[in-house]
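Residue 220 is where the sequence shown ends in the numbering used here, and the numbering goes up by one at each step.
It should be emphasised that the hints constitute simulated quantities derived from the structure, not laboratory data. Every value quoted in this text rests on a predicted model; they were computed, and no experiment measured them. Check the hints yourself; a few may be wrong.
[Said to hold, decoys possible] Capping the alpha-carbon separation at 30 Å, the derived lysine-lysine pairs in DSS-like fashion look like this: (1) 14 to 189; (2) 127 to 14; (3) 142 to 189; (4) 14 to 106.
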Amino acid sequence: MRLTFFVGIPILIVLISIVIFKLYPSHSPSSKLFTAEELALFNGTDTQLPILLGILGSVFDVTNGKSHYGFGGGYHHFAGRDASRAFVSGNFTGDGLTDNLNGLSSSEVKSIVDWRDFYFRTYKYTGKLVGRYYNSNGNPTKYLKGVESKAARGAQLLEKQKEEEAKTVSCNSKWSQDEGSEVWCDEGYPRLVQKAHDIALTGKMSKRCVCIKKDQLSTQPGLEIYSGCDFYSTRCRL
-17 MRLTFFVGIP ILIVLISIVI FKLYPSHSPS SKLFTAEELA LFNGTDTQLP ILLGILGSVF
43 DVTNGKSHYG FGGGYHHFAG RDASRAFVSG NFTGDGLTDN LNGLSSSEVK SIVDWRDFYF
103 RTYKYTGKLV GRYYNSNGNP TKYLKGVESK AARGAQLLEK QKEEEAKTVS CNSKWSQDEG
163 SEVWCDEGYP RLVQKAHDIA LTGKMSKRCV CIKKDQLSTQ PGLEIYSGCD FYSTRCRL
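All chains, please: the whole structure from these sequences, using the hints.
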């Protein structure tokens, strides 16, 4: 009888622990799955709790960086939530602090994935945020798979852009308050060209200055002469 009593005590303790864990899971940052409400508890305002941050649905313990992520820190707006979009938008208020990436370019999405990789390397991975990127079972959603595919396309386009730009020589450039901007070529002539794959990467058109050889001036399409610069000038003031 006495043996049964002592054996029953550990079993009772285990049962009580299980009940407490189920009743109060939101207060333990070791939980693998978080709701948005649970994650909000770890926003750095309560010094007794760790500081957690979400990005693309992955949750990290950034307590070691509390001078940045704690209350009053420069990155406090990221704590206790998933504000993935703000990592590239720079909008740290209101609707800007969201995990919605709709409308972002492939290069912007790639940048956010790179940020997530940074947190994996630098801070302790804690779990997953249930919602846009992970379902209630902790499995990746179609949205997350789409984001990662878009980031992969962005990486491919960036590599292609580097390869294209490596085929041409960039202009030299300088700026001074008295004389303004100037571009020049040691060999060839300054011309503006559309950056390869730029629209697909950023959703915008941009140009770069390259040095074009004389025999290519009339044969290479898409070349633009700087305004106010002569056809055969090797230096152009902007």
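Hint consistency between residue 14 and residue 106 [alpha-carbon to alpha-carbon, up to 30 Å]
13 Å, holds
Hinted pair residue 127 and residue 14, Cα distance within 30 Å:
Given that 30 Å is the threshold and the Cα spacing comes to 20 Å, the pair holds.
Is the hinted pair residue 14 and residue 189 satisfied, with a Cα-Cα distance of at most 30 Å?
46 Å, violated
Do the alpha carbons of residue 142 and residue 189 lie within 30 Å of each other, as the hint requires?
16 Å, holds
Hint check: a violation occurs at hint 1 only; the rest are consistent with the structure.
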